[in-house]
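Could you build the full structure based on these sequences and the hints that come with them?
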Amino acid sequence: MKYQRALIFILFIAFLSVLFFIAVQLRLILVPFVLAYIFQFALRPLVNMLKQKGIRHGTAVATVFFTSFLILGTSLYILIPAIVAELSNIQSNIDNYAGVLIAKYNMMQEVFMGGSGPLSEFFGGKNIVNGFTESFKNNMVFYIQKIPQKIIGVLPMVLYVIVIPFATFFFLLDAQRIKEKFIALIPNRYFEISLNIVNSLHKQFGLILKGMLTSALIISILASAGLWIIGLEYPIIVGIFSGIANLIPYFGPISGTITASLVAIVTGANPVFFLYIILVFLGVNLVDNVLVQPLVLARAAKLHPLAVIFLVLTGSKLGGIFGMLLAVPLASLLQVVLIILFQEIKKPIRPPFKDFIDAEPPGDNTETA
Amino acid sequence: MDMKLLWGNPFKKNIPDLESDIDFLSTVSLFDSLTRRQKYRLFSSIHIRHYKQGEIVFRQDDPGVGLYIVRSGLVDVYNEYSDMTRNKIAELSKGEVFGEIALLNDSLRSATVVASKETVLFAFFRTDFLNLMDSDPKIGVKLIYSLAKTMAERLRLINEDTTLVS
Numbered sequence: 000m001k002y003q004r005a006l007i008f009i010l011f012i013a014f015l016s017v018l019f020f021i022a023v024q025l026r027l028i029l030v031p032f033v034l035a036y037i038f039q040f041a042l043r044p045l046v047n048m049l050k051q052k053g054i055r056h057g058t059a060v061a062t063v064f065f066t067s068f069l070i071l072g073t074s075l076y077i078l079i080p081a082i083v084a085e086l087s088n089i090q091s092n093i094d095n096y097a098g099v100l101i102a103k104y105n106m107m108q109e110v111f112m113g114g115s116g117p118l119s120e121f122f123g124g125k126n127i128v129n130g131f132t133e134s135f136k137n138n139m140v141f142y143i144q145k146i147p148q149k150i151i152g153v154l155p156m157v158l159y160v161i162v163i164p165f166a167t168f169f170f171l172l173d174a175q176r177i178k179e180k181f182i183a184l185i186p187n188r189y190f191e192i193s194l195n196i197v198n199s200l201h202k203q204f205g206l207i208l209k210g211m212l213t214s215a216l217i218i219s220i221l222a223s224a225g226l227w228i229i230g231l232e233y234p235i236i237v238g239i240f241s242g243i244a245n246l247i248p249y250f251g252p253i254s255g256t257i258t259a260s261l262v263a264i265v266t267g268a269n270p271v272f273f274l275y276i277i278l279v280f281l282g283v284n285l286v287d288n289v290l291v292q293p294l295v296l297a298r299a300a301k302l303h304p305l306a307v308i309f310l311v312l313t314g315s316k317l318g319g320i321f322g323m324l325l326a327v328p329l330a331s332l333l334q335v336v337l338i339i340l341f342q343e344i345k346k347p348i349r350p351p352f353k354d355f356i357d358a359e360p361p362g363d364n365t366e367t368a
Numbered sequence: 000m001d002m003k004l005l006w007g008n009p010f011k012k013n014i015p016d017l018e019s020d021i022d023f024l025s026t027v028s029l030f031d032s033l034t035r036r037q038k039y040r041l042f043s044s045i046h047i048r049h050y051k052q053g054e055i056v057f058r059q060d061d062p063g064v065g066l067y068i069v070r071s072g073l074v075d076v077y078n079e080y081s082d083m084t085r086n087k088i089a090e091l092s093k094g095e096v097f098g099e100i101a102l103l104n105d106s107l108r109s110a111t112v113v114a115s116k117e118t119v120l121f122a123f124f125r126t127d128f129l130n131l132m133d134s135d136p137k138i139g140v141k142l143i144y145s146l147a148k149t150m151a152e153r154l155r156l157i158n159e160d161t162t163l164v165s
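Taken in sequence, the protein lines are chains X and L.
Numbering that gives the first Met the number 0 puts the first residue of the first sequence at 0, with every later residue one more than the last.
Numbering that gives the first Met the number 0 puts the first residue of the second sequence at 0, with every later residue one more than the last.
Hints were generated in silico from the structure; no laboratory data involved.
Wrong hints could be hidden among the right ones.
[Claimed, not checked] Stretch-level coverage of chain L by chain X, calculated; a stretch enters the list once three of its residues show a Cβ under 8 Å from a Cβ in chain X:
{"no.": "1", "region": "38-48"}
{"no.": "2", "region": "80-88"}
{"no.": "3", "region": "129-135"}
Because the structure is a prediction, the values reported are computed rather than measured.
We treat Cβ as the ideally placed atom computed from N, Cα and C, and that holds for glycine.
Quick look at the structure:
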């Protein structure tokens, strides 16, 4: 019996691994559906809010769907030109920024090593500086020019634009029914535990998603506003990058500061600017740690800091920045499943019910007792 | 070949079945305070399970996760004892409800339930109940009130039994 449970556990893990492998292979097709599922998760509380007012499910879904796409469309309409303007500004100034980097490097070399110090010799003289800046310049120009083509090339954009809203709408409308149909396929014996796992995963996913979206949004807005106030160039791009990077535990908050500092260097900002940047990110992280994290992330992931660092590094090795972003949420979902399965395995083994024999029927002694 | 199999929406409920299931819910005393529209909403949170004769629904001391309603068929309720004996304490038929305490807390099941013939059960679980209360508090209040009435009635019966025995 114990072996049977362990075997089921191993088979379940094997099944999850196969599922994960298939998902990785089909990731391009799965991405719009995953995004749609995430969007419906974010919109579901609004649907529930309308339903609380007595509005029918279908009407509530249609209202929330069209209103949120209208708001999202308007926001993008306002934001995208600003982001494109920042990107084209970077593109047109790339030569100046490369020149600034060369000058800064030369200046540092003059100050610290007098132009021919051991560091310079180690890297083979000034050629390394020119090589580095040339490569930096070429890469930046290449990537900035290629961004639109890359997006169109990698993601079938038209398909995404159609599939994501379509799938979001139907997930919102039929999520409960879809879940019900899949659960109907589970044998009675594993029905209760499967439902327990599905519901726990659902709850955990909701918490993680709510935490990540809220945190990224607040940090992006605060960082953009802070950087704009101190007068840094490209505040929106750096702010959004900081907001998304902030989702990577431990590594995220530092990368925002480093990016902003690099922008300050290449745009030739005053050295005192670095102090402002540090102050902005200290303030943003203070808000994140004191207000955002305790409110939205407290119940989401309960993992040891060492495990978190290990997961983030493993994620970066397996899937780059996306791997780093997704490692901890995926691990915390797996943790939920494993906890439930371990509890099931640890349950005391009882003899099968069919081995029990019927007890003697008790006499009706109510009146005499 | 039924073309619905090819072109139909597999997630859509069959309307005649749905209507008869809603009619059935109207006969269950736990739900008699709900309006027909509220019963449709409730039904969207219910899982339909089919059991063969002799199949176990749940065992005594399993963690309780929700209640069951007998849609058709028959189930036997047993107490299990440590000396490997069992005692049949009830037989539940169409329209009867069991396991409702699990809707309110996560205590262990107090008895074992076995299908004594081909049986269809409606399962309504705590998480779905909590979600339903969240999205439609009016249904939640009515269900809580019905559950409280059921519990009060049981407490009264237990008190009567205790008085008789003592």
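task = Can you take a look at whether the region 38-48 of chain L is actually covered by chain X? Rule is 3+ residues, C-beta closer than 8 Å.
result = Held - the region 38-48 of chain L has 6 residues with a Cβ nearer than 8 Å to chain X, which meets the minimum of three.
task = Three residues minimum, CB to CB under 8 Å: does the region 129-135 of chain L make the cut for coverage by chain X? Let me know.
result = holds (count 3)
task = Test coverage of the region 80-88 of chain L by chain X using CB-CB distances below 8 Å; three residues minimum.
result = Holds, because 6 residues of the region 80-88 of chain L bring their Cβ atoms closer than 8 Å to Cβ atoms of chain X.
Against the hints set out earlier in the document, no violation occurs for any number.
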